[in-house]
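Asks: Chain by chain, the residues:
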Amino acid sequence: MPQQKTNALRPLRSRGVRTWRAWVTFMGLAAFGMPAAHAAPPADECFEKAGAYQGVNPLVLRAVAWRESKGDAAAINHNANGSIDVGQAQINSIHFPELTREGIPHRALTDPCVNIFVAAWLLKQKMVRYGNTWRAIGAYHSESPHERDTYARSIQAILVSWGHLQPGR
Amino acid sequence: MRLIAFAAAALFLCNAAWAGQPAASASPTVVAAAATPSADKVYPPLPTLAMLPPASGDDDEPPAPHSTSHKKKTRQHDCHCAMPTPRIVVSDTSRAYLKDIEQKLDSALAQ
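Protein chains in written order, with the working numbering: chain A, 1 to 169; chain B, 1 to 111.
Chain B on its own, in the form it takes in the complex (with noise of 0.2 Å):
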C-alpha cells in the first residue's frame, strides 16, 4: 500500500513538472493562438516547445490523484517518463547525405 501511494505521489509530482513548463514558458497569447491559430496572424514556419497547448483537459493521460494519507517526505525527481523518447539516428550515411544535398542546392543556386 505505501509503494502505491509513493507511485502515485512520484507520478502526480512528474507530471504536474512537465504539465507546469509551457504555461510558465509560453505567453497566454502563443498558448491560445496553438490552440486556434488566428487568421490574421502568421505564425513561424515550425511550431516551438512554447506554442505547445497547456496539458490540462486533452492529455493522452490524466495526472494521477494526489495522495495526502502519505506523509513521507518524497524526493522530486527530474523525471522524463511522460516525454517521448526520439532516437537520433545519425550514422555516416546521413551525414554524407545531408552534404549532398547542400552540393547539389549551392551548385543549383551558382548556376
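With the rest of the complex left out, here is chain A (with noise of 0.2 Å):
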C-alpha cells in the first residue's frame, strides 16, 4: 500500500462561540445518555464536527461509519477475540476501560454523533502515528500490513463510488 497522502487533516472553520458552545452541550449530554432535544444536531453535522475538531477528513470518518455498520448506530457485533464492536464505527471494547477514563461510559457509544467523535479520536492517534496517510486508515482497523491494507483499499473504494476520489489516486 503505497504511503499516499489523504487529505485527511482540514482547517477547522468556526461557526462561532454560540455554536461551538451549543455542541459542546449536547456532546456532553450525549456521553451520559442524556438526550437534549433543543440541541440534538443533525446527524450529518456529527462527521463534520468530529473531523473538524480533531483535524481528520469527514469524509474518510462517513466512509469508515459506512464500512463497518453502513451507518448503524445500534450496531453491535462480536469479534472471534471475545471483544465487541459497538456503533456505526464499530468501536472495539479494548477501548472501553480508556473511554470510562475520559468520561464516556461504554453505552453512549450507541449515540451516533459520540460514536463518530470517538472514531475520530482513534484514527487521530494513527495519523499522528503514521500521518497523514493510507496506512493510518487501515490501522483504524488493524495493525496486521495484510488487514490494514485490505482496509485501506476498501475505504478507498468507498470513496471513489461516492465520487470524492479519482480511481488510481
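Beta-carbon label-pair distances, calculated as ranges:
#1 T48/B with A43/A: 19 to 27 Å
#2 N92/A with K99/B: 20 to 28 Å
#3 G168/A with S94/B: 42 to 50 Å
#4 A43/A with K99/B: 19 to 27 Å
What the hints contain is simulated information worked out from the structure, not anything from laboratory work.
In this text, a Cβ means the ideal position worked out from N, Cα and C, and glycines have one as well.
Now that you have both chains on their own, put them together as the hints suggest.
Replies: What follows is the structure in C-alpha cells.
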C-alpha cells in the first residue's frame, strides 16, 4: 500500500462560539446518555464537527462508518477474540477502559455522534503515528499489514464510489 | 433613552462576562488548538468547554457598544441570555432505553 497523502487533515472553520457551546453541551449530555432535544444536531453534522475537531477528513469518517456498519448506530458485533464492536464506526471494546477514564461510558457509544467523535479520536491517534496516510486509515481497523492494507483499499473504494476520489489515487 | 442606555450596559456586561470565561479557564495552547487542530496532537474524544475558541471576532452577535454617558451604577446580573438553553428530556422511556443498551452491551461482552 503506497503511503499516499489522504488530505485527512483540514482546517477547522469555526462557526461561532455559540454554535460550539451548543455542540459541546450536546456532546456532554450525549456522553451521559441524556437526550437534549434542543441541542440535538442533524446526524450529518457529526462527521463535519468531529473531523474539524480532531483535524481528520470527515469524508474518511463517513466512509469508515459506512464500511463498518452501513451507518447503523445500534450495531453490535462480536469478534473472534471475544471483544465486541459498537455503533456505526464499530468501536472495539478494547477501548472501553480508556473511554471510561475519559468520561465516556460504553453505552454512550450507541449515540451516533459520540460514536463518530470517538472514531475521529482513534483515527487521529493513528494519523499522529503514521502521518496523513492510507496506512493510518488502515490501522484504524488493524495493525497487521495485510488486514490494514485491505481495509484501507476498501475505504478508498468507497470514496471512489461516492465520487470523492479519483480511481487509482 | 435612559432605558436604552441601561439595556445596552446590561447587555455589554452580560456578553463580556460570558466571553471572558473560556479565555480565563483555558490555556492559550488549548484555545489555539481548538481554532486549528494540530496535526501531531490527539485531543480528548469529546470537546470540553475549556476548548472553546475565544469569543471575539466570530461570535454570532457582536457585543453592544459600551455606554459611558450613563452614570447610574448598574447591578451585574448572573446573565445567561447569550447561552443556549438545552431542554433536557429524561423520561422513564429514555431511562429504560439506556438500561436496555447497557444490558445488551454487558451480555454481548459476557458472551
